[in-house]
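Sequence order for the protein chains is A and B.
Each residue of the first sequence is one higher than the one before, starting from 0 at the first, in numbering that gives the first Met the number 0.
Each residue of the second sequence is one higher than the one before, starting from 0 at the first, in numbering that gives the first Met the number 0.
Treat the hints with care, since some could be wrong.
As a list, the in silico EDC-like pairs of lysine to aspartate or glutamate whose alpha-carbon atoms are at most 20 Å apart [what the hints assert, rightly or not]:
(1) A/Lys87 / A/Glu122
(2) B/Lys87 / B/Asp124
(3) B/Lys201 / B/Glu184
(4) A/Lys187 / A/Glu206
(5) A/Lys201 / B/Glu122
(6) A/Lys95 / A/Glu49
(7) A/Lys87 / A/Glu49
(8) B/Lys158 / B/Glu110
(9) A/Lys201 / B/Glu184
(10) B/Lys201 / A/Glu190
(11) A/Lys128 / A/Glu110
(12) B/Lys201 / A/Glu49
(13) B/Lys18 / B/Asp124
(14) A/Lys171 / B/Glu53
(15) B/Lys187 / A/Glu110
(16) A/Lys187 / B/Glu122
(17) B/Lys167 / A/Glu206
(18) B/Lys171 / A/Glu172
None of these hints come from the bench; they were simulated from the model.
2 protein chains.
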Amino acid sequence: MKIITVSREFGSGGRELGKRLAGLLGFEYFDREIVTAISEQTKLNENYVESIIENHLPFNFPVSFGRTFSYYPITESSALKILSAQHKIIKEIASKENCVIVGRSANIILEEYNPFNIFVYAEMDSKIKRCRERAATEEHLTDNEMRKKIKQVDSYRAKNHAFVSDTKWGAKEGYHLCINTTGMEIKKIAEFTAQYSECWFKQHGVE
Amino acid sequence: MKIITVSREFGSGGRELGKRLAGLLGFEYFDREIVTAISEQTKLNENYVESIIENHLPFNFPVSFGRTFSYYPITESSALKILSAQHKIIKEIASKENCVIVGRSANIILEEYNPFNIFVYAEMDSKIKRCRERAATEEHLTDNEMRKKIKQVDSYRAKNHAFVSDTKWGAKEGYHLCINTTGMEIKKIAEFTAQYSECWFKQHGVE
């Protein structure tokens with residue numbers, strides 16, 4: 000099975016790259032779909048599942064999640080249930096079909112499956128610009144607030160990564176290709192990365 | 000002018016990639032040629048010039064260089080002469096023709112010229128293997144000795160980089176594309192990187 004994992008800085012266009020890659024190569028695409036699957040399997044609320052996966056908050060931490068909190072207090076058992084369901088589902092996906100998985104530490108979880116691991120990053124100004132173009136709901140944020148948000152999301156991602164690996168999130172050694180998207184159309188990057196990944200699979204004997 | 004800089008870990012195949020890129024794109028190629036040019040311009044021995052450029056040894060450091068040392072003690076003035084000649088020559092090259100420059104901190108020296116900066120790296124086992132395939136003279140080294148040598152050369156490169164920049168050598172943020180060559184033929188990587196760099200120049204308005 001051919002598996003591409005895309006890890007990415009928030010606002011770098013990694014999600015779009017993953018989608019386009021899947022389209023160009025005819026692979027299945029997984030991102031948010033994994034959260035839905037976990038929610039179905041564990042019978043836990045989807046937003047709650049996402050909070051756990053994205054933040055890995057310390058168990059029993061006295062934090063408010065908006066309304067979700069009152070329905071689902073974070074317990075060690077439900078967090079472990081969700082994380083283990085995530086592992087299981089990602090491995091199930093990977094053993095079934097050629098796929099592109101964005102985020103979710105899939106590069107670590109699927110290590111034994113010999114995935115092609117991409118890291119997508121960009122300069123801060125470029126990420127702010129891309130966020131503005133995409134997310135209408137965040138238009139009210141100032142550049143400084145946007146910068147803070149980007150850093151925060153990435154620090155969660157780094158923390159989640161540290162939860163499953165000794166390597167550092169975003170350190171190039173953990174990936175086969177690291178792409179700086181500053182000033183580039185993701186569409187173009189996708190065309191070239193699709194070719195490269197096919198070549199990578201061939202050279203590494205992955206079928 | 001279109002400029003590609005290739006920074007690389009020792010044994011990762013970066014030099015071959017640079018040469019092939021230049022061939023595929025019809026660009027001039029510079030690496031060792033810069034040392035020769037500095038030597039001609041400063042009238043200093045080529046090996047001596049290389050020692051200074053590669054190691055940036057502290058001035059007046061009581062070190063033996065083999066025979067070279069007895070002819071050319073390192074003085075602050077000759078070291079500065081060499082480093083400033085290197086800056087000048089690299090800028091001259093970059094303002095004259097499309098080119099690929101391997102090493103020499105060209106990515107930093109040419110920052111204002113908007114170069115396309117590549118970093119080439121690989122897993123240690125892959126670098127040892129590549130070194131063995133290339134350099135017949137190093138066949139007598141054990142794996143451990145080879146590993147030590149690779150680390151040493153790279154630590155020199157990191158030090159040289161720190162001499163001209165505040166950024167960290169090899170940290171992906173300083174490059175547009177970071178390529179892990181483990182298990183890959185450099186020839187294949189070159190074909191794809193040539194295409195990508197043409198696309199990068201186009202999207203960044205470099206002609």
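Exercise. Please name the hints from earlier in the document that this structure breaks, with their numbers sorted from lowest to highest.
Key: Violated hints: 1, 2, 3, 4, 6, 11, 12, 13, 14, 15, 16, 17; rest satisfied.
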